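Undergrad: Now for the letters of each chain:
Number of protein chains: 2
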Amino acid sequence: MTSLRVVYYSADQDEDRWIPGLQAALPGAEVLLWEPGASLADYAVVWKPPQQMLDEQIGLKALFNTGAGVDALMQLRLPPGLPVIRLDDAGMSVQMAEYVCHAVIRHFRELDGYEHDMALGKWSFRKPRSRLDYPVGILGLGVLGERVAKAVAQFDFPVNGWSRSPKAVEGVQCFHGDAQLADFLAASRILVCLLPLTPETEGIVNATNLAHLRSGGHIINVARGAHVVDADLLAAIDGGHVAGATLDVFRVEPLPQGHPYWNHPKITVTPHTSARTLRSESIAQIVLKIGALERGEAVAGRVDAARGY
Amino acid sequence: MTSLRVVYYSADQDEDRWIPGLQAALPGAEVLLWEPGASLADYAVVWKPPQQMLDEQIGLKALFNTGAGVDALMQLRLPPGLPVIRLDDAGMSVQMAEYVCHAVIRHFRELDGYEHDMALGKWSFRKPRSRLDYPVGILGLGVLGERVAKAVAQFDFPVNGWSRSPKAVEGVQCFHGDAQLADFLAASRILVCLLPLTPETEGIVNATNLAHLRSGGHIINVARGAHVVDADLLAAIDGGHVAGATLDVFRVEPLPQGHPYWNHPKITVTPHTSARTLRSESIAQIVLKIGALERGEAVAGRVDAARGY
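Protein chains in written order, with the numbering used here: chain X, 1 to 309; chain Y, 1 to 309.
Derived by calculation from the structure, the hints in this document are not laboratory data. Note that the structure is predicted; figures quoted are calculated from it, not measured. Just to be clear, a hint being listed does not mean it is correct.
For chains that are exact copies, the list does not tell them apart, and a pair is met inside one copy or across any two.
[Unchecked claim] With a straight-line Cα cutoff of 20 Å, these simulated SDA-like cross-link-like pairs (lysine to any residue) come out:
no. : residue 1 : residue 2
1   : Lys122    : Pro265
2   : Lys61     : Ile19
3   : Lys266    : Glu115
4   : Lys167    : Pro128
5   : Lys122    : Arg251
6   : Lys266    : His116
7   : Lys48     : Leu255
8   : Lys61     : Glu115
9   : Lys61     : Ala298
10  : Lys122    : Gly171
11  : Lys150    : Val299
12  : Lys266    : Arg214
13  : Lys61     : Ala29
14  : Lys127    : Gly59
15  : Lys167    : Asp12
16  : Lys122    : Asp12
17  : Lys266    : Ala119
18  : Lys150    : Gly171
19  : Lys122    : Pro271
20  : Lys266    : Leu120
Could you build the full structure based on these sequences and the hints that come with them?
TA: This is the structure:
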């Protein structure tokens, strides 16, 4: 891969670690930080790039997004026909499986309640629940959703999945499309959001859809904050239809001070940490894909701009 | 199964639910609560029975223990040759898998720390850890240990297992016997105790063995309180070699007020709830086994009194 040029930009300003990593993995290439007026490159590796970068970098063979979600990228004007490739796993799906299983188990087994009681010096007893009464619904059956569904199913919960187009996942009752959303929700008590953020999925966790869910459940959002209509979720929890929520993502991050999610007794919040991009795995994946593209081969994770993910 | 007589006794005094359940599942049998002087029965179903019951109930064909651990029973004088049968799963292994995975993930991913930070209004960042640095060691590879090992392995942690006699479990590096205990510990950072309690395993989580573990790990005890030398565990945590512990079982239960485990900042305690005996599953299993024994067939879960489990 001599003579290749790769340009890197991340809104997280972490180029001090990424550029040496990419350079080491692509010894024959030139890897440089994008700045206005930078030389034209063959490939771009980006996280939340500015419009100017896309406008200037004409002639890219492909653009790699260093995350699973490309919603920020889809807000920009992209050169027509430019292949946009997102990470299809790179160590994120196991993290998602961990985070979601932890939240599901913690809620189902009332481990938060037990720990709370014990902190008060109380050796308490709670009636065991039947897992058959706690079907878990996964919104989104991409690479991450499928891995999470299988991880949850391993603990013998009934698992439902919903996706835009029909899918089949072993051990998962699959629903698809707008027409089956209400049935999917009515069959689920714990709801996990792992959808891509698109105009169709924005605000999908709203009052109407929450009302379809079996009562007494738990909402886990590990996708994007904008999937949830915050006021609707708060109303469903405060009204008692939903028992609680575990939220890792928010419409504005960091979560603004004073937001009602902070310190809500039935809501657990974490700082967008459910699945972190692991640099070494991501770089290895990007380098493999650059090699495949240079040989004219197809690669996984190519974004369909029309559907938005 | 007409003419069979089944006698029930539990120190938990839950006969109001068990006896009707057993009676419904054994319609031709007579199911009664054991009291001093009760009629002789064919089978006994017990939890922590008094010595007097065993002394009086001569001629039992088998005795069923309504729990996985028979350590309380092994303290009693049992009639020679009486088959003692413990629950071999009955819905407990999935609960153990849940409880242990929750504790492993919570510690590895520092979710307790994140929740603590968020409760203080802090949107924090912690460097992701590599799961390769957190091998999980399972002490005990019985029905519960094997299920837990496989559940943990699903999250891509390296998993080690240790048992008294040699075992082979797919995806688990297996060690056995006293000679390999130190090597097992040295290869593990998170330690899960799922051993039966016997004279050989009492106090196995002691200063010597904790010192062999990789430093910065976490101890999860879901077996019996007497597996842990409390003072040694506290010293290992307070000295920094062990990062923390999740304890569900204690030498005295309920955990006595004033015990240093209460409110220790690095120890999470729960009230012996990691795997509860599920009545309906247990009754179904006992009834199947009574049927098999009546037909002269072998049943799983028979206790070897010499080894103590």
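Undergrad: A separate judgement is required for each hint: does it hold in the structure or not?
TA: Consistency of the hints with the structure:
{"no.": "1", "hint": "Lys122 - Pro265", "verdict": "both (19 Å within a copy, 17 Å between copies)"}
{"no.": "2", "hint": "Lys61 - Ile19", "verdict": "within (19 Å within a copy, 73 Å between copies)"}
{"no.": "3", "hint": "Lys266 - Glu115", "verdict": "both (14 Å within a copy, 13 Å between copies)"}
{"no.": "4", "hint": "Lys167 - Pro128", "verdict": "neither (34 Å within a copy, 32 Å between copies)"}
{"no.": "5", "hint": "Lys122 - Arg251", "verdict": "between (38 Å within a copy, 17 Å between copies)"}
{"no.": "6", "hint": "Lys266 - His116", "verdict": "both (12 Å within a copy, 15 Å between copies)"}
{"no.": "7", "hint": "Lys48 - Leu255", "verdict": "within (19 Å within a copy, 52 Å between copies)"}
{"no.": "8", "hint": "Lys61 - Glu115", "verdict": "neither (53 Å within a copy, 43 Å between copies)"}
{"no.": "9", "hint": "Lys61 - Ala298", "verdict": "within (13 Å within a copy, 68 Å between copies)"}
{"no.": "10", "hint": "Lys122 - Gly171", "verdict": "neither (39 Å within a copy, 39 Å between copies)"}
{"no.": "11", "hint": "Lys150 - Val299", "verdict": "neither (24 Å within a copy, 32 Å between copies)"}
{"no.": "12", "hint": "Lys266 - Arg214", "verdict": "within (17 Å within a copy, 36 Å between copies)"}
{"no.": "13", "hint": "Lys61 - Ala29", "verdict": "within (14 Å within a copy, 78 Å between copies)"}
{"no.": "14", "hint": "Lys127 - Gly59", "verdict": "neither (63 Å within a copy, 36 Å between copies)"}
{"no.": "15", "hint": "Lys167 - Asp12", "verdict": "neither (35 Å within a copy, 48 Å between copies)"}
{"no.": "16", "hint": "Lys122 - Asp12", "verdict": "between (45 Å within a copy, 19 Å between copies)"}
{"no.": "17", "hint": "Lys266 - Ala119", "verdict": "both (17 Å within a copy, 12 Å between copies)"}
{"no.": "18", "hint": "Lys150 - Gly171", "verdict": "both (7 Å within a copy, 18 Å between copies)"}
{"no.": "19", "hint": "Lys122 - Pro271", "verdict": "between (30 Å within a copy, 9 Å between copies)"}
{"no.": "20", "hint": "Lys266 - Leu120", "verdict": "both (18 Å within a copy, 16 Å between copies)"}
Hint violations for this structure: numbers 4, 8, 10, 11, 14 and 15, all remaining hints satisfied.
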